[in-house]
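Trainee: Chain A is already provided as a structure; the job is to place chain B on it using the hints.
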Amino acid sequence: MTGEGIRQAIIDIIREIVPDEDLSGIDAEKPLRDQIDLDSMDFLDIVMELRKRYSVEVPEQDYQELESMSSTVNYLLPKMESL
Amino acid sequence: MRYDVVIIGAGMSGLSAGVRLAHFGKKVAILERHYRVGGLNSFYRSGGYDLDVGLHAVTNYSPDGPKSAPMARLLRRLRMRMSDLELYPQKVSRIVFPDATLEFTNDFDHLARQSGKLFPGQEESLRRLKDEVFRLYENNFSGAPKSARRFASSFITAPDLVEMLMCPVMFYGSAWENDMEGGQFALLFMSLYCEGFARPKNGIRPILDLLVERYKNSGGEMRLRSGVQRIEVLKGKAVGVVLDNGDTIECEAILSSAGLMETIAICPEASPVDLAPEAGRMSFAESINIIDRPADELGLDASITFFSANRKFRYRRSALPVDVQSGVICVPGNFCYDEPPDTHMVRITNIADPGFWEGADKAGYEKGKIEWRDKSLEVVETIVPEFSDSVTYFDMFTPRTIRKFTGHINGAVYGSPTKLGDGKTPVENVFVCGTDQGYLGVVGSMISGVEIANQRLL
Numbered sequence: 001m002t003g004e005g006i007r008q009a010i011i012d013i014i015r016e017i018v019p020d021e022d023l024s025g026i027d028a029e030k031p032l033r034d035q036i037d038l039d040s041m042d043f044l045d046i047v048m049e050l051r052k053r054y055s056v057e058v059p060e061q062d063y064q065e066l067e068s069m070s071s072t073v074n075y076l077l078p079k080m081e082s083l
Numbered sequence: 001m002r003y004d005v006v007i008i009g010a011g012m013s014g015l016s017a018g019v020r021l022a023h024f025g026k027k028v029a030i031l032e033r034h035y036r037v038g039g040l041n042s043f044y045r046s047g048g049y050d051l052d053v054g055l056h057a058v059t060n061y062s063p064d065g066p067k068s069a070p071m072a073r074l075l076r077r078l079r080m081r082m083s084d085l086e087l088y089p090q091k092v093s094r095i096v097f098p099d100a101t102l103e104f105t106n107d108f109d110h111l112a113r114q115s116g117k118l119f120p121g122q123e124e125s126l127r128r129l130k131d132e133v134f135r136l137y138e139n140n141f142s143g144a145p146k147s148a149r150r151f152a153s154s155f156i157t158a159p160d161l162v163e164m165l166m167c168p169v170m171f172y173g174s175a176w177e178n179d180m181e182g183g184q185f186a187l188l189f190m191s192l193y194c195e196g197f198a199r200p201k202n203g204i205r206p207i208l209d210l211l212v213e214r215y216k217n218s219g220g221e222m223r224l225r226s227g228v229q230r231i232e233v234l235k236g237k238a239v240g241v242v243l244d245n246g247d248t249i250e251c252e253a254i255l256s257s258a259g260l261m262e263t264i265a266i267c268p269e270a271s272p273v274d275l276a277p278e279a280g281r282m283s284f285a286e287s288i289n290i291i292d293r294p295a296d297e298l299g300l301d302a303s304i305t306f307f308s309a310n311r312k313f314r315y316r317r318s319a320l321p322v323d324v325q326s327g328v329i330c331v332p333g334n335f336c337y338d339e340p341p342d343t344h345m346v347r348i349t350n351i352a353d354p355g356f357w358e359g360a361d362k363a364g365y366e367k368g369k370i371e372w373r374d375k376s377l378e379v380v381e382t383i384v385p386e387f388s389d390s391v392t393y394f395d396m397f398t399p400r401t402i403r404k405f406t407g408h409i410n411g412a413v414y415g416s417p418t419k420l421g422d423g424k425t426p427v428e429n430v431f432v433c434g435t436d437q438g439y440l441g442v443v444g445s446m447i448s449g450v451e452i453a454n455q456r457l458l
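For the record, the sequence lines run as chains A and B.
Take the first sequence: its position 45, counting from 1, is numbered 45 in this note's numbering, and each next residue is one higher.
Take the second sequence: its position 330, counting from 1, is numbered 330 in this note's numbering, and each next residue is one higher.
Treat each hint with caution, since some may be false.
Within a straight-line C-alpha distance of at most 25 Å, the following computed SDA-like cross-link-like pairs (lysine to any residue) qualify [claimed, not checked]:
(1) A:K52 to B:M80
(2) B:K27 to A:V47
(3) B:K27 to A:R51
(4) A:K52 to B:A72
(5) B:K67 to B:R45
(6) B:K27 to A:E29
(7) B:K216 to A:E16
The following label-pair restraints were derived from C-beta to C-beta distances [as the list claims (entries may be wrong)]:
(8) A:E67 to B:R225: 47 to 55 Å
(9) B:E358 to A:P31: 56 to 64 Å
(10) B:D4 to A:Q64: 26 to 34 Å
Listed next, the stretches of chain A that the computed footprint assigns to chain B, with coverage defined by at least 3 CB atoms under 8 Å from CB atoms of chain B [unchecked claim]:
(11) 16 to 26
(12) 59 to 73
I should point out that these hints are in silico values taken from the structure, not numbers from a laboratory.
Even for Gly, the Cβ is constructed at its ideal location relative to N, Cα and C.
Looking at chain B on its own, in the form it has when it is part of the complex:
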């Protein structure tokens, strides 16, 4: 059996690339090591509950936005409609810092006015930053500044406001420590603040099911529990892959969504000659706390709360197992659904140290989960109203969980600090999509799969 394209990884980018390639008649196989699709945006069952691992919210929500908006463009490429995703918009989100709380919704004006109230004179600065972000988007981010901090500071002159605005953006997409690549900042600024958050009521699974269904209906082949051990390269060209079980599959081209370093590990020839790519260092731990009543009854009214206990937001690998000084509190129930969800939960994400979680023995790992979840809750309950008395069940995933199920070195959620932009590797028919191509988030990774499929394989 010989395929036109073998796609490594059935996450959002691999699936989207698969839908696109199969739609146009390519003979495609998606190979996924895990027994389940989704990659960084997957789901699992624990304690009788269906839980998501990646998704807090889908960004880029702009149902009435222009057709040039990222989500609208993406959906046209996949022959899908906005209604297929069954998204419900957020209520309100907050950025909580020691001296200020900034509220934002899916209406940029709200954020701009709030910023102006808290930081006199900054409303106009923020609007100018927004205009520049859109100008960059129209120009495909060519000439985007290298440093997000410097970019934001060149418009916004209140350093505390820069810190606050960086916090959600970095939490939702920075593979760098302490700063972020300017173009990615611009894209995420637009995705989060100008377009906004929404959620499918039943989590990521319906979106995954939809992609898999479209893919299979177009003739695409899906192989789960089929990890790729090695990409076979002959005279600078990939000829096929060897699976973990030793089977070989021949193909004309390979699209890897495994990550750049992870792809190089199975295909050393794919290492960029002009870069020295490194593994990402930023990973996270998340506790999923099931509560016995709707969160808003306990006073938790926000969809997502981003917080930092320090005025200067520290975004870097944690020295402790979990850095509880900052985090993201997501209440999946606090979106504008047509009817309230059956399960109520509070999800808390903190920066975590992969080293501790990878090194712990079984007892230490289990003990660590309880200990650090408790420490994290202590800080969280100074940020939002107390809810721990209402928790009936909790589970926690760590950098080790992420590494185990996604293959990402260090459990690095946003991949390597090195992004490949054009998706090309030195092996002429091996391409990279997904996290390390450069677009992030649910919508971003789908765009990545579609774009690289278009540019390199159709």
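Chain A extracted, bound-state conformation:
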């Protein structure tokens, strides 16, 4: 997967969890939770969907890496580029 593919995968997951949110204007550098109304359970669901869909494990100590879209993509790239 490329960085763009991972970004799209994250968008698809967020869309499934919060279908009514507008995800078109997300600023990749800003924290996701400042832009989308996600609570901690929504956030955990993103992690669980990554495991379900791509068998990617995000250990709890790495949750901070998923702060913004670009930090998320950077963090996931080594785990997902071979997919």
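Mentor: Just chain B now, kept in the frame of chain A:
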């Protein structure tokens, strides 16, 4: 065949847990003793009519509320949308006591103003109580007062208003007699008065169908007529279940929605060591009266009416087969539907004594239904306009019906007074969800299933 999780009971909590677990790839089987799903919120057919057993209304209706509201949170966990539930809001509900009638809608301000009119000075008290309820919700009810009565009275200084506010809340969720656990009161106060009532037009069945469909589509397995006779425990760990027919099923973990005492009955090792749990004592009888015209044509305009013929609301096991001195009158047709429903009915719920109904022989049981339904109607028709001349058919369910179809000891609708909060039992891989985990009502039981699945099994 070995499952990751076996769920006992296909009620709202078991189904919701199943949807969540199957969605994330767990190999799940739901085992239900009855031939139909739903548990305490099921449905049946009688006299050619589709009738609900549990549901009067879905609480926690807040379509435009914050995303932190219980129903919004729940729906996100189940990957559902509010529109999937096809809910229609209530019109108006009333609390009718001897000296006062309090009206409430899905707008808390209406209740607050009404309270202030009837009980001078109490509007502000009620608003402060509401603020405290929301503060407790944000803090997961930690530090919630033990007694609901004392909690409410610490804000509201008019004792009659406390009684009136307790009435719907206790009817819709207290496993205790005479009082209620403070945290549960707070949650239900919010669910009933601050958020509100709504109903799916065709009753509970479409919601059940939706949950079952989601569950099966995610790979979950459903086995009806499959009661669990025993949970097999080996060295402090459950290894599987034995069904009523003797079949065994192996699994890694068990989530029981059967109730705490009911789970202990099939798994004595699951009895909490630090508590002495008891069976619930509060059960109800309900008559479902089909009428030949819309109820509002007869002057019954409320969605739900809660009443007490005594100024002090008595919520305790009935000494008589049915305690007709208080009750809940639900008119399922009086919700804001897009088009009027085909069947019109008035449902009347009263506290009932399980002992009488369990002990009666067949003739006595049938006679009792007619006798006590008539006695109940006599009082009800002093509370709302008369409608009995328009009744074309009626059926009644009793504590015995509830026990028979849900397995709840005493037909206790709200389960044991002992709630398990964290869902854990002394058997490391046996968990409890549903009524005796602590959340109540349709939305509450679904939240219970999702939360325990999340915390213990995912």
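Trainee: For each hint, tell me whether it holds in the structure or not.
Mentor: Verification of the hints:
Note on K52 (chain A) and M80 (chain B): the hinted pairing holds, with a Cα-Cα distance of about 18 Å set against a maximum of 25 Å. A C-alpha spacing of about 20 Å is found between K27 (chain B) and V47 (chain A), which places the hinted pair at or below 25 Å, so the restraint holds. Distance check on the hinted pair: K27 (chain B) and R51 (chain A) sit about 16 Å apart at the alpha-carbon level, within 25 Å; holds. Our distance criterion of 25 Å between C-alpha atoms is met by K52 (chain A) and A72 (chain B), whose separation comes to about 23 Å.
Between K67 (chain B) and R45 (chain B) the CA atoms are separated by roughly 37 Å; this puts the pair beyond 25 Å, and the hint is violated. For the hint pairing K27 (chain B) with E29 (chain A), the CA-to-CA distance comes to about 39 Å; that exceeds 25 Å, so the pair is violated. Restraint check: the Cα-Cα separation between K216 (chain B) and E16 (chain A) comes to about 19 Å, which is no more than 25 Å; the hinted pair holds. Judged by the Cβ atoms, the range 47 to 55 Å given for E67 (chain A) and R225 (chain B) holds: they are separated by roughly 50 Å.
For the pair E358 (chain B) and P31 (chain A), the supplied restraint of 56 to 64 Å holds, since their beta-carbon distance comes to about 59 Å. Restraint check, D4 (chain B) to Q64 (chain A): a C-beta distance of roughly 30 Å satisfies the suggested window 26 to 34 Å. Here the region 16 to 26 of chain A counts 5 residues with a CB under 8 Å from a CB of chain B, which clears the bar of 3, and the coverage holds. Note: the region 59 to 73 of chain A has 0 residues with beta-carbon separation from chain B under 8 Å; the three-residue rule is not met and the coverage is violated.
The structure does not agree with the numbered hints 5, 6, 12 stated previously, though it agrees with the rest.
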